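Participant: Please work from the sequences and hints to get the whole structure.
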Amino acid sequence: MSAETTRRALAWAHGCLSVQSLGGMLGPVLFLLPDGRQVSPLQVAPWGNDPERETLPEILKELRGEWPCVPFGSDASRTLPAGWSVDGESFDGAGVPHGHSSNVHWAWGACDDRQIAMECHYPENHPIRLLRRQIVPDPNAPSIDITLEIEARRPCRLPIGLHPTFRLPSRPGSVTIEPGAHDRVWSFPGDVEPGAALFSPDRQWLSLGKVETRKGVMLDASQVPLVEETEDLLQLSGIDGSLALHYRDEGFRARLTWQNEHFPSLLLWYSNRGRKAYPWNGRHVALGVEPIASAFDLGPAVSTGDSPIAGSGVATAIAFEPDQTFTTRYRLSVEAAPIG
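Adding 1 to a residue's 1-based position in the sequence shown gives its number in our numbering.
Wrong hints could be hidden among the right ones.
Said to hold, decoys possible - DSS-like cross-link-like pairs, simulated, lysine-lysine; straight-line CA separation at most 30 Å:
1) K277 with K62
2) K216 with K277
3) K211 with K277
These are computed hints drawn from the structure, not numbers from a lab. Source: prediction; values computed, not measured.
Facilitator: Written out as structure tokens, the structure reads:
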């Protein structure tokens, strides 16, 4: 039996939020729009009260909302197409899904009516020493500002990422993905989930609006949830650090902004009823909107090696030094938007 998850909550004039110790995950968040409506855009996985969840990896037991991944992805035995190297920098623990901090309980720091702070210490043999996380609602808006600090124990290069996951309504195409300016769209060089892949693998396109499926059909991947049952990924490289989701049936936008000099790509995780095994059970419908310096979620050994993405000039890892704290800031907000 793992340690019990503890939570802290915070209310402000424009909403209320909850943060849990396991994975440092933020969610749910209830925002109050200026017109008085309440919206809750972050996903909370439906198995959070299921007793069977104790059999799951820690990251999945109470999966929800948003959290940092250091390193992003995980090393695994996999076969990749030509041009994808699997012999970059790795280390003991690189096979942990989305890094140590995604699978352990964080320690609470200063928590009051203005902020929630927490930190996560890494094992002594890990190249990372410590993560700090500060979550501060904007007192004047339905927005949350988040700061992540990373301290290294030794010089290293790692893929890193943020992992906001948004709920999706049941009606296909009722939410429009509105990414900021970006250079290209990359499809995963393999199967994210065997039997549930949708997009033609190891390809590039100019926009989400025209992406080819494995059946040779062009698909508008900006309209979610998708009709097809799938589990797949698309990576938007060279993105300007912004994305909005227009919930057209509900009349609001959720907006994410981040420092694109730290995270030059955005990974879109289409979790669209494609995973049939427990705990997913063909019922999970959500969209991961994940700023990354990484090659998909392929882990340190791939992301620090050669790949078509790195070869295009897009950073797929960050260099850390023990005497320099890495600090990045990002913002989650909502706003009223037209219905339809």
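Participant: Run every hint past the structure and note whether it holds.
Facilitator: Here is how each hint holds up against the structure:
1. The suggested pairing of K277 with K62 holds, with an alpha-carbon distance near 17 Å, which does not exceed 30 Å.
2. Taken as a hint, the K216 and K277 pair is honoured in the structure, with Cα atoms around 21 Å apart against an allowance of 30 Å.
3. With a CA separation close to 27 Å, the supplied pair K211 and K277 stays within the 30 Å bound.
Of the hints listed earlier, there is not a single one the structure fails to meet.
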